[in-house]
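Student: Below, each chain spelled out in residue letters.
Number of protein chains: 2
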Amino acid sequence: MNTMPLSAVTVLDRIRVVLSHPSHPGNIGAAARAMKAMGLSRLVLVTPKLFPDAQADAMAAGATDLLVQAEVVESLAQALSGTVLAVAMTARRRELAVPALWARDAAAELVSIAAGEDVALVFGNETSGLSNDELAMCRRWAMIPVNPEFSSLNLAAAVQVMCYELRLAALDPGAPPAIAGAGEIASHDEVEGLIAHVERAALSSGFLDPASPKRLIPRLRRMFSRAAPEKKEVDILRGLLAALEKPLPARNANKT
Amino acid sequence: MNTMPLSAVTVLDRIRVVLSHPSHPGNIGAAARAMKAMGLSRLVLVTPKLFPDAQADAMAAGATDLLVQAEVVESLAQALSGTVLAVAMTARRRELAVPALWARDAAAELVSIAAGEDVALVFGNETSGLSNDELAMCRRWAMIPVNPEFSSLNLAAAVQVMCYELRLAALDPGAPPAIAGAGEIASHDEVEGLIAHVERAALSSGFLDPASPKRLIPRLRRMFSRAAPEKKEVDILRGLLAALEKPLPARNANKT
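Residue numbers (our numbering), protein chains in the order written: chain A, 1 to 256; chain B, 1 to 256.
Bear in mind the hints are in silico, worked out from the structure with no lab data behind them.
Predicted model, so just to flag it, every value in this text is computed and none were measured.
Zero decoy hints are in this set.
List time: in silico SDA-like cross-link candidates among lysine to any residue, alpha-carbon distance up to 20 Å:
hint, chain 1, residue 1, chain 2, residue 2
1, A, Lys232, B, Arg139
2, B, Lys232, A, Ala136
3, A, Lys231, B, Asn132
4, B, Lys49, B, Glu126
5, B, Lys232, B, Ser187
6, B, Lys231, B, Ala196
7, B, Lys49, B, Ala77
8, B, Lys232, A, Met137
9, A, Lys231, A, Leu220
10, A, Lys232, B, Ala136
11, A, Lys232, B, Asn132
12, A, Lys246, A, Ala196
13, A, Lys232, B, Asp133
14, A, Lys231, B, Ala136
15, A, Lys49, A, Ser23
16, B, Lys232, A, Arg139
17, B, Lys231, A, Asn132
Derived CB-CB ranges, DEER-like:
hint, chain 1, residue 1, chain 2, residue 2, range
18, A, Thr127, B, Asp235, 28 to 36 Å
19, A, Arg200, B, Glu74, 43 to 51 Å
20, B, Ser152, A, Pro210, 54 to 62 Å
21, A, Gln69, B, Ile236, 39 to 47 Å
22, A, Glu71, B, Ala108, 35 to 43 Å
23, A, Glu117, B, Ala108, 31 to 39 Å
24, B, Ser204, A, Ser152, 52 to 60 Å
25, A, Gln69, B, Lys246, 51 to 59 Å
26, A, Asp65, B, Ser75, 34 to 42 Å
27, A, Gln78, B, Ala115, 45 to 53 Å
28, B, His197, A, Asp13, 44 to 52 Å
29, B, Lys49, A, Leu216, 46 to 54 Å
30, B, Leu216, A, Glu74, 36 to 44 Å
31, A, Leu237, B, Glu117, 26 to 34 Å
We put the beta carbon where it would ideally sit given N, CA and C, even for glycine.
Can you build the whole structure from these sequences, using the hints too?
Tutor: Below, the structure written as structure tokens:
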């Protein structure tokens, strides 16, 4: 079941991930897996050193379809043909001809343009990055914030981060996954029933002085609200309370 | 040079990344590299299948110091000792005892608690994830938004995404990297000098009618402001204008 709205799928399909001169086929496969897990599909390879390759297939896991569909071209100019915006990922603060964007802002810009036109996100070689000529073909340059003392991001890891940002920019992930199945959450009334039961037990046991209740019940209510107990847990607690409310001659006998 | 404020470093140092029962030593190394590139340092391994291992070292690249310092323990309980918040990463919508958080919100919560106390982010085995007993030890569960049709995220890729979110939650990345070096940007006065030169040339050539200037110069100013030309580019354009302002008998001769 695909829970994504169609328009978001279309946007992600208009974003090409271009790997220029990748050296390690394992990185191509890992990049394909990262793309597919985030809903992207268009991989373009500029003169990869080794492709296709068994290591690329192995690292792609279930994303080998992206490798089969990948376009292999001979220049970045070919890879960018038909796009209206190309964003170059760069790791170094070299002579920047344009101010660089941070990754998140670059993703937002790519997605906004991809609503109507093809765009590209361009990654360079693992060691040497993009050439100055390649950088000059890209209207925007972007950087992933890194530890200045260790800025060595793996190529596939950089693709993963950017595809994650693209997915979030394209799609509202909605509410967090709902609680379902065996751990069904207790209703408000069930939790209130539990709290009333605790209060009764606290009064009958003498623990709670009705003349000086302090903030015992409000505190318990806050705790249960935070805990969001399951129906089963409420049942267990109420069963325990009921058991404790009964006189226990055996336990008392042992104590004397 | 470390450009991070000390407090942010301290926050990231209070976040443990726990890998429970990792099968592939390459993933341990790649996770260490991902952590270090994002400024995290504390790796805890619960009964790794193979560790230390040459493949972990190879994938860690320059982050082998994190592997050397990694704590290896026998249970998740040991890994979490001393923490006040543990967030479990989960990929599946199984019976959730607590509502899951999205990755970004989980990172914000971890960072806010890590300002004062130790916290942990817990990842399960590559194939089987975390056991129910392990999940029950974590107060929060978190998910990375994925393509519902292909939710297969590599372990190290998941660590990369979360460490990236933790870095952004802990640190304001500040303004994008400044322009520097060979491509030195033209000053305001230099750009204005260029615009004035264009205006002069437009008037002397008869292209611009001073009686009806329209919005030619304001438009050009806006374009140059957007382009943020470099000093060298301004020089080239002014050189070109100067050359065009001179009468060119040769060219004219050819045309007649």
